[in-house]
Amino acid sequence: MSTATPAPVPETVANEAVEAAGGGKDLETGKRRGKSAAGNAARAISSPWASVFAIVMALAWTTPTIGLFVTSFRQQKDIQTTGWWNAWRTGFTMDNYKQVLAGAEGQPPLTDFFVNSFVIVIPAVLLPLLLASLAAYAFAWIDFPFRNALFVAVFALQIVPLQIALLPLVTMFQNMGLGGSYWSLWLSHSAFALPLAVFLLHNFMKEIPASLLEAARVDGAGHVRIFFQVLLPLIAPALASFGIFQFLWVWNDLLVALTMLGGSPERAPLTMILNTISGTLGNRWYLLSAAAFISIALPVAVFLSLQRYFVRGLLAGGTKG
Amino acid sequence: MHVTTLAAATATGGNLGKIGTLLLGIAVFAAVFIGILLIASLFKGHLGEKIQAVAFVGPTVVLIAVGLIYPAILTIRRAFYSGKFFDLNFGTPRTRGKYVGFENFQALWTTPGLPAVFRNTLFWVILVPLLATGLGLLYAILIDRAKGEAVAKALIFLPMAISMVGATLIWKFVYYFVGDPTGSQVGLINAFLTTIGMKPIDFLGNAPGNTFAMIVIMVWIQAGFAMTVLSAAIKAIPDEIIEAANMDGVKGLQMFRFITLPSIRSSVIVVLTTIAIATLKAFDIVQASSGGKLGDSVLANEFYNRSFVTQQPGLGAAIAIVIFLLVSPIIVFNVIQMRKDA
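Residue numbers (this note's numbering), protein chains in the order written: chain S, 1 to 321; chain V, 1 to 342.
Keep in mind that the hints are not guaranteed to be accurate.
[Claimed, not checked] Examples of chain S residues toward chain V, derived with CB under 7 Å:
id : residue
1  : Thr65
2  : Pro168
3  : Ser295
[Claimed, not checked] According to the in silico footprint, chain V covers these stretches of chain S (three or more CB under 8 Å from chain V):
id : stretch
4  : 190-199
5  : 218-227
I should point out that these hints are in silico values taken from the structure, not numbers from a laboratory.
Quick caveat: nothing in here was measured; it's all calculated off a predicted structure.
Just so you know, even glycine gets a beta-carbon here, dropped at the ideal spot from N, CA and C.
Whole structure, please, built from the sequences with the hints as guidance.
Rendered as structure tokens:
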């Protein structure tokens with residue numbers, strides 16, 4: 001995801017944080033632990049001002065989104081004459097959403113682009129997950145020549161920014177006859193994701209006790225069976241956390257889509273059409289706001305429902321290229 | 001790209017076909033996955049181990065080699081050639097790309113507009129990490145152990161789920177400027193400015209101010225990341241250290257200065273560097289705001305413009321290499337920092 005970049009963090013921090021990041025029940029443990037360094041500092045910067053600042057910051061972080069959200073439910077003439085904070089007086093409408101979804105002002109219907117984003121994101125998440133989990137298993141639990149050197153190489157490739165691979169990739173896909181196809185997006189998103197995916201999943205696989213695998217081996221299980229019956233269930237949370245990263249990254253991506261699809265906008269994802277209409281629709285905010293929220297809705301829903309896994313991945317991560 | 005071509009290109013009813021392609025894609029990828037496992041399970045014994053390792057690691061290594069390493073090498077080579085097409089053999093013999101040594105790199109300094117791009121990028125890469133980390137840390141401290149901490153965190157955290165294009169639209173509306181003096185300002189900030197009797201400002205329209213207006217957007221996106229990681233680091237400080245410091249009479253800001261900050265130092269550095277990397281590579285905000293046409297371009301946006309819009313792939317490749325050279329030492333430093341503490 002372009003917006004969120006997982007960072008490597010010392011392991012102790014990561015473990016504590018997974019517990020702390022979640023929700024209500026973790027807060028209780030926090031309380032039980034009593035005073036903290038931060039709590040002390042907060043008391044020092046001291047109550048009224050500290051609270052005021054925190055509230056001001058929370059407002060500053062939410063108001064822009066709320067503003068556009070409210071706007072998306074207002075009529076065109078109201079948006080042009082009064083600020084969105086007057087919406088309670090001027091009333092609401094669903095027309096904007098109906099119009100962008102059905103296609104208005106010479107726009108193709110937004111539903112098409114929603115389908116495109118969906119078609120792009122599913123394989124672009126599944127493929128790196130499948131490949132990286134196999135590779136991570138081998139790096140963690142199969143002994144083979146040059147294993148460590150190869151793993152370090154894959155790990156180190158996280159430093160390659162995707163910009164440096166993009167131009168030749170576009171040409172390569174065109175030469176293969178895959179220019180502007182979904183395949184070009186699936187494969188390039190996967191290639192860009194693999195170094196981080198292998199690294200993340202390897203870290204989780206390494207934490208599984210070796211005795212568990214040895215027991216399975218003694219029972220006569222091969223690597224394939226161990227992978228499916230022992231490992232996969234155990235690393236499901238790790239798969240989820242990388243899956244969310246990749247989902248957000250691909251869904252929110254603009255650069256790869258713009259470059260790979262350059263000549264074939266009929267496969268454009270939501271971000272790409274949003275970028276286009278933000279130029280062409282100029283200040284027709286009644287359409288822009290609705291379009292923006294259609295593109296935002298799904299990632300926000302996924303993010304909110306799977307926040308735990310996201311935080312876990314964030315704190316165990318590497319950097320994405 | 002033009003809207004009318006978009007409309008023409010999108011055949012309604014094509015959506016079923018797209019779902020078909022999706023299913024086909026999933027089927028192909030699943031077949032590859034199952035094929036690998038079948039081959040791997042056929043072999044037993046010592047040789048089997050090796051074959052299994054190749055079957056498991058092979059596809060990943062091949063995809064990385066073909067999709068990442070090989071193209072990167074091509075880009076590096078391309079940076080030393082002239083021509084309008086990425087493919088050096090394209091075009092007539094006269095227009096074909098020729099070896100030009102370091103000319104594309106020299107063009108980084110001599111091309112009109114590019115020095116300003118470097119200056120803008122410098123502002124981004126210094127201000128965004130500092131502001132996002134500073135605000136994220138402050139917020140993490142202020143809401144630590146407070147009532148409703150989880151909700152308070154989610155508020156700051158949420159912009160991370162929003163695409164940079166979406167975030168830019170959200171902020172474009174906050175900054176919205178109505179040029180007509182009789183029109184009413186419906187953008188939040190300009191409405192506020194006119195209410196208190198000041199003149200409205202075209203935030204995104206004029207350099208150098210537009211760069212700072214966009215930096216605010218990136219800070220808005222990244223602060224949640226800083227807050228999450230630093231909040232976790234703060235909670236990981238052992239209670240004994242706090243209690244010992246308390247007994248020694250360390251209080252308030254001193255506690256922050258001498259206990260909290262040193263304890264989370266490595267996390268702070270990791271956050272700073274990670275945001276710096278994300279900032280160097282982000283082109284979406286500039287692209288969705290003005291396309292970089294208003295004296296507000298940054299390196300990542302200029303890479304896109306030169307490579308794909310103005311057909312200067314040699315210059316585009318040179319910019320990609322510059323981004324790589326700027327990013328890699330930060331990441332190496334980042335990894336060293338991480339290993340020191342692990």
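Against chain V, with CB atoms and a cut of 7 Å, does the hint on S:Ser295 hold up? Status holds, d = 6 Å.
Closer than 8 Å Cβ to Cβ for three or more residues is the test here. Does the stretch 190-199 of chain S pass it with chain V? holds (count 6)
Report holds or violated for the interface hint on S:Thr65, using the least CB-CB distance to chain V and a cut-off of 7 Å. With Cβ-Cβ at 6 Å, under 7 Å, it holds.
Does S:Pro168 meet its interface restraint, that is, does its C-beta lie within less than 7 Å of any C-beta in chain V? Holds: closest Cβ of chain V sits about 4 Å from S:Pro168, inside 7 Å.
Do three or more residues of the stretch 218-227 of chain S come closer than 8 Å to chain V, measuring C-beta to C-beta? holds (count 5)
The earlier numbered hints are all upheld by this structure, with none contradicted.
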